[in-house]
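Asks: Read off the chains here:
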Amino acid sequence: MHRMLAVARAYSLSMFTYRTRTLVSLLSVLLAVIPVYFIAGALQPLAAGAIASESTEYFTYLIVGSVAAFVITEAVSAIPSLINGYITSGTLEQLLTTPLRWPALVGGLSVYGFCWVAVRALVLLVTAWIWATSTIAWPRMLEFTIIMALLGTAFIGVGLIAGALVLLVRSTLFVPPAVSTLAALLGTVYFPSSVLPPAFAPYAAFVPTTDALRAARQILLRNQPLSAVMPELLALCAWAAGGLLIGSLVFHMALQHARRAGTLTQY
Amino acid sequence: MSTRTGDAITVHDVTKSFRADRSLWRRLRRVPGTASRAVLDKVCVSVTRGEIFGLVGANGAGKTTLLKILSTVLIPECGSVMIDGIDGLADPAQVRRRLAVVPADERALFWRVSATENVRLFASLYGLMGRERDDAVARALELVGLGDVGRQHVGSFSSGMRQRTLIARALVTRPPILIMDEPTRSLDPVTARELRRFIRDVLCTQLGATILLATHSTEEAMQLCDRAALLVRGRVVATDTLSNLQHSIGGARVRVRIDAFSEARARALLHLPTTTTTPTVDGMITLEARLPDIAHAPVVVEALVRAGVRIAEFGPVPLTLADLLDAAAAPARAKDDEHHA
Chain A
1 MHRMLAVARA YSLSMFTYRT RTLVSLLSVL LAVIPVYFIA GALQPLAAGA IASESTEYFT
61 YLIVGSVAAF VITEAVSAIP SLINGYITSG TLEQLLTTPL RWPALVGGLS VYGFCWVAVR
121 ALVLLVTAWI WATSTIAWPR MLEFTIIMAL LGTAFIGVGL IAGALVLLVR STLFVPPAVS
181 TLAALLGTVY FPSSVLPPAF APYAAFVPTT DALRAARQIL LRNQPLSAVM PELLALCAWA
241 AGGLLIGSLV FHMALQHARR AGTLTQY
Chain V
268 MSTRTGDAIT VHDVTKSFRA DRSLWRRLRR VPGTASRAVL DKVCVSVTRG EIFGLVGANG
328 AGKTTLLKIL STVLIPECGS VMIDGIDGLA DPAQVRRRLA VVPADERALF WRVSATENVR
388 LFASLYGLMG RERDDAVARA LELVGLGDVG RQHVGSFSSG MRQRTLIARA LVTRPPILIM
448 DEPTRSLDPV TARELRRFIR DVLCTQLGAT ILLATHSTEE AMQLCDRAAL LVRGRVVATD
508 TLSNLQHSIG GARVRVRIDA FSEARARALL HLPTTTTTPT VDGMITLEAR LPDIAHAPVV
568 VEALVRAGVR IAEFGPVPLT LADLLDAAAA PARAKDDEHH A
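Protein chains in written order, with the numbering used here: chain A, 1 to 267; chain V, 268 to 608.
Chain V extracted, bound-state conformation (with noise of 0.2 Å):
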């Protein structure tokens, strides 16, 4: 396997299943169902030292299966993971050394102690310790603007604030790579979009640091990852910059409005089902559809015009995650029907 000189972190065919149902007692009387199920299978990621790296997918794709094994809590059953340069299936010390973890769950922190306890459990962790750690501990909160408020306990704090103490304790040590796992799950769209200004503007430019994040959220990942790995049932289908994989993977969206008595000709120029009906107003209906590309829409107009359709607006929409997704999952899913037909 090699690895780019740039490269802060490499995964190579890494490959994963768990048990499918747990229970000792349905594993002993050998229930049916109970074998194994594939969460990853030969994946390959590389990111580059410095950059914002996003692992995306739906829930149940194998993102957070794949940051345990980067942190070295989950052993897979085969292939490599290289951190900093070291093996961390080899020398899992060492890499616990140069990543830190904040997770997507804040019942991890202790609730019942102050935020500076929480942080300064983590420093001592990693081998600070006097005053040198005491010193990290408020610059760590300050950084995540938690400094007036560290005495407090962390049972008291809104969930943003929690999150904001995840990072404060991931960063106490200045790891020169992060890990985060759906960084802004539980928090307000308003507490999201500053978390999110401050993982892009201090914790990457400022701090220089590198950081692989887990999302399923659109705004997280237009805004932050530099690049992008789709996962799709545990398989990685793309990796690049998410403008390139709306491009390659979506496809292009347009919305048309154009008058209601058109409307079973132009489902079936554009390929929608004609099963259902959209609402009229003022006469008019909208529609959506998707084309393989925005080179498409004159022929797609076109086609529209001579079929009768009086067209009122055409334009592109914003491909959304969610189309990405499912655009990069269809292949899997006629795989799928192929097989079960």
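Only chain A is shown next, with the shape it has when bound in the complex (with noise of 0.2 Å):
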């Protein structure tokens, strides 16, 4: 545990350093929130019979999507990409030369970048209560955090594999755009999957975002304790553990074949 808050006290130091890029990147998702409050209001009264199982109000609905949208790209896309850069500097290997194991590696290096989509997050949510009508039922964080890092947890399974990817052949082959596109459009990130067409509505529940995002706009928007979204929970639980343990097999073994191929740094 000590090599991975290490790893991630080096990796968020360094991040702290861009102190522009930070700055620009949270005014963004503040100017962000501007057009969606607006599109939002326009299409209230269309979604309002669509989205009333979960939200009263379409513009909240959109922010949960949005933080959910937040944790699933940052699952997908970090450890790929961070992976790519450290082969090219060589920091890959040197870290591998120590008794460091990847697991601490990839959960080392995997703490800022949530921790950032948590302040991100956060940012959005007292945004859409400070303008929102209908009301966030704070004191259930804990319960939204934690199925947020459910399916953050589930998501990294593909970031693992993409990070495998990375490893074997130096390219994600556009897995982490794929999945994150695929999860937002199917899993009920910006509209409910009753509004799919009917070919692609049943794969919805394929998708751990749908599940996710109804228990977290449950907890958030209706103020429902975590024992009321029980089959989401698990549902959820079953996919974190299933993404994990694949991608960690796939990442283990990719390792293995890097350092046979000799591709765990530039030539």
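Source of the hints: derived by calculation from the structure; they are not laboratory data.
You can take every hint at face value.
Derived Cβ-Cβ restraints for the label pairs, each shown as a range:
id, chain 1, residue 1, chain 2, residue 2, range
1, V, 394, A, 111, 15 to 21 Å
2, V, 356, A, 249, 19 to 25 Å
3, A, 170, V, 553, 48 to 54 Å
4, A, 149, V, 402, 34 to 40 Å
5, V, 304, A, 34, 56 to 62 Å
6, A, 234, V, 406, 49 to 55 Å
7, V, 303, A, 85, 25 to 31 Å
8, A, 182, V, 486, 57 to 63 Å
9, V, 311, A, 17, 42 to 48 Å
10, A, 17, V, 303, 39 to 45 Å
Think of the CB as a built atom: it goes at the ideal place given N, C-alpha and C, for glycine as much as any other residue.
Need the complex rebuilt from these two chains, each delivered in its own frame; the hints are there to steer you.
Replies: Next comes the structure, spelled out in structure tokens:
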């Protein structure tokens, strides 16, 4: 654990030095809320019926969906992107000559990214809370965080597979953007699954985002306890365990292959 | 395989090959020329405890590949590697605790954080914590002369300081074995000389570390290495002290100053190409030739005199590493030429 924290510390300190980028990123989150607010307001009469079971207001429905999109994007993209950069600089190989094991390395490198997602999500939720007419159940933040953490864990498997692809062929083969787009389109991030074309609607049930967002909106926008979303929670746990297991196996095998093929560094 | 008691590193029959072309697209299309090429071929090396051992070879000879195998980031096809008595292929995790690597590439540092943080990270990765870790970090930085600039970002350092940071990072846990890949590659001559002195006096003599370093620098190999292995196209062609290697492989090199009119005769006697000419200074020219042994020098002088060549000066020239590598590679080159013919 202390090795993971050491990696997290070094990486975070390095990232903290990008002050302008951090500020711009926060400002862009704030600015992005403005069009969402007006578009959601315009579509409210149309969307009200379809989202009624999860939220009374389309704006907050979209905000919670956007938080999930942040989590998914970070989970699927961060690991392959970092692995790629560290292969190019030789840092990956250097770190692997030490007693550091890869789960601690990947974990340590992911800490900062997810903390940053949490900050941006909080900014988004606070902005929504100020503007929205409906309320956000702040006392339910812990349950909401658990749901989002499980969602991130479910998709980290994809991030590990994409990282494995980088180790093997130096490309993610478009896996992260394809997965995050599909997860957003089918997983009720921007609209409920009931408005999907009949040919696609059944697939929504096979995307962890659907369960996560149903639970997250019940908790945060309808002030429901965790026990009220137990089926979704269990499904999400299964997704998280399966995703992490498969992703870890694939990444481990890819690392072993890279040690044989000499692809841990850029020649 | 037998391991001598005093050996810190023993490499036996290690063979490694890489795909000639790593492009996935070309491999899928089965483009010719994407097959494997051997980088190391049955390499055997033994490094005695406490010595500085050089892996000497031209670019692409396989030095870095061998270092990567020793540092457990690369797995060979066959052969065995023993580090400090531990099987490097069966128990790489244990090996990683006993050695530290100083890479050639300073980009492997975290450039946007301080030297202290860079060293601290590695100290933590090797299991040091709290006060013990902080003391070790301060000691390592002090040792490499960066004690007073430890708080500065590595990005603001010169190449020499970054190289020292890499060494401090490797030294922080005082590992018994240090693996250094071209440690003075990006340094100016003065800084390189200082660093070599540091490696010899502090790392080896004072701290007693066993050092395996890869280099293609003449000065580095001559000044640092107690013994060296000559790597030519993935094969160890000889292992000995540098001076013994010079005598056994390189032969001797002599310089002779003669009158310009005798150039053609002298070139013929010294087996030098006759198609080129040497610039004349005050009617004299200087030629350099390689002899199988310095003992042949009187015979050569006698032959020149007998041929009517007026000799103004005749003497030995120190053999460079390039000469040595050239001489070592000659048999392999001849074999290739024979094969192509």
